[in-house]
Amino acid sequence: MEGTYGSASPQLPPARPRTRGRRPFDSAGPGVTLAPMTSTDSTQTPPAAKAPAKDPWDLPDVSGLVVGVLGGTGDQGRGLAYRLARAGQKVIIGSRAADRARAAAEELGLGVEGADNSECARRSDIVIIAVPWEGHAKTLEALREDLAGKLVIDCVNPLGFDKQGAYALQVEEGSAAQQAAALLPDSRVTAAFHHLSAVLLQDESIDEIDTDVMVLGEVRADTDLVQALAARIPGMRGVFAGRLRNAHQVESLVANLISTNRRYKAHAGLRVTDV
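Take the sequence shown: its position 275, counting from 1, is numbered 275 in the UniProt record's numbering, and each next residue is one higher.
Everything labelled a hint here was simulated from the structure, so no lab data went into it.
Quick caveat: nothing in here was measured; it's all calculated off a predicted structure.
Each residue gets a CB set at the ideal place from its N, CA and C atoms; glycine is no exception.
Worth double-checking, as some hints may not be accurate.
[As the list claims (entries may be wrong)] Cβ pair distances, simulated, as ranges:
(1) Tyr264 x Asp75: 17 to 25 Å
(2) Glu106 x Ala148: 25 to 33 Å
(3) Gly149 x Glu106: 28 to 36 Å
(4) Gly160 x Pro47: 52 to 60 Å
(5) Val275 x Glu107: 31 to 39 Å
(6) Asp55 x Gly88: 22 to 30 Å
(7) Val219 x Arg100: 28 to 36 Å
(8) Phe161 x Glu106: 13 to 21 Å
[Unchecked claim] Calculated cross-link-like contacts (lysine-lysine; reagent style BS3-like; alpha-carbon spacing at most 30 Å):
(9) Lys90 x Lys150
(10) Lys163 x Lys265
(11) Lys90 x Lys138
(12) Lys163 x Lys138
(13) Lys54 x Lys150
(14) Lys138 x Lys150
(15) Lys90 x Lys54
Please put together the full structure from these sequences, using the hints given.
Shown next as structure tokens:
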């Protein structure tokens with residue numbers, strides 16, 4: 001290599017005319033040539049700053065959304081409908097029989113409406129699935145089109161009972177929530193509200209429901225909405241608990257809570273600490 005540092009046998013450059021004063025800008029001495037300075041040499045663009053992490057408790061406003069409760073004439077669905085309506089949410093109770101839904105809504109008051117399952121699904125922004133496990137798949141299959149594009153919250157717990165008490169059932173898809181996701185490909189399926197006592201939910205003398213709600217789903221925007229909905233109920237807090245593949249553990253934990261309730265004559269819930 002010639003004319004650069006580190007060459008094995010550098011050669012002297014040809015003689016240059018003598019100049020008075022400073023050397024030409026492009027000449028720094030024998031064997032050295034300086035490149036013209038460019039703007040990128042003088043000003044390096046600093047790396048882009050990382051966006052600050054999203055506050056997990058910065059949740060959207062869901063107060064204006066309509067919530068439908070399929071299975072709203074059962075204890076769990078009725079209790080959720082009552083608590084949400086009491087918090088100021090617009091609620092529609094759904095049932096296979098519209099007259100049963102309307103009768104249950106009239107008993108609850110608080111502006112709750114009743115309709116058949118199909119109408120309830122169509123008119124709602126968020127739809128809570130609170131039907132018995134035995135009718136879970138059949139109900140969702142029938143409502144696939146009505147639930148398209150909706151945010152669906154599955155709170156069904158697949159349980160069996162025998163002389164030894166409650167136990168979790170094995171679901172082919174993995175969990176009730178995963179079954180819902182498979183049956184409702186055009187819906188935004190989440191899972192939540194599994195560990196709530198229907199007795200406490202329906203007790204009008206209780207002002208706050210002291211519990212956390214484990215929320216599962218595939219899209220953060222959807223789980224944020226569910227967390228915000230849970231927070232509408234005084235005393236309740238929604239906590240993100242993973243993707244739908246983790247729903248089986250959450251659903252089956254209800255069997256343990258039932259055993260706890262029977263032993264201690266209680267209505268146990270859950271609290272997640274340090275969050």
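Each hint, compared with the structure:
1. Tyr264 x Asp75: 17 to 25 Å: holds, 20 Å
2. Glu106 x Ala148: 25 to 33 Å: Holds, at about 30 Å.
3. Gly149 x Glu106: 28 to 36 Å: This hint holds: roughly 30 Å between Cβ atoms.
4. Gly160 x Pro47: 52 to 60 Å: Taking Cβ atoms as reference, Gly160 and Pro47 lie about 57 Å apart, which means the hint holds.
5. Val275 x Glu107: 31 to 39 Å: holds, 37 Å
6. Asp55 x Gly88: 22 to 30 Å: holds, 24 Å
7. Val219 x Arg100: 28 to 36 Å: Between Val219 and Arg100, where Cβ atoms are some 34 Å apart, the hint holds.
8. Phe161 x Glu106: 13 to 21 Å: Check failed, 32 Å falls outside 13 to 21 Å.
9. Lys90 x Lys150: holds, 16 Å
10. Lys163 x Lys265: holds, 18 Å
11. Lys90 x Lys138: holds, 27 Å
12. Lys163 x Lys138: holds, 28 Å
13. Lys54 x Lys150: Distance of about 25 Å is within 30 Å: holds.
14. Lys138 x Lys150: holds, 18 Å
15. Lys90 x Lys54: holds, 29 Å
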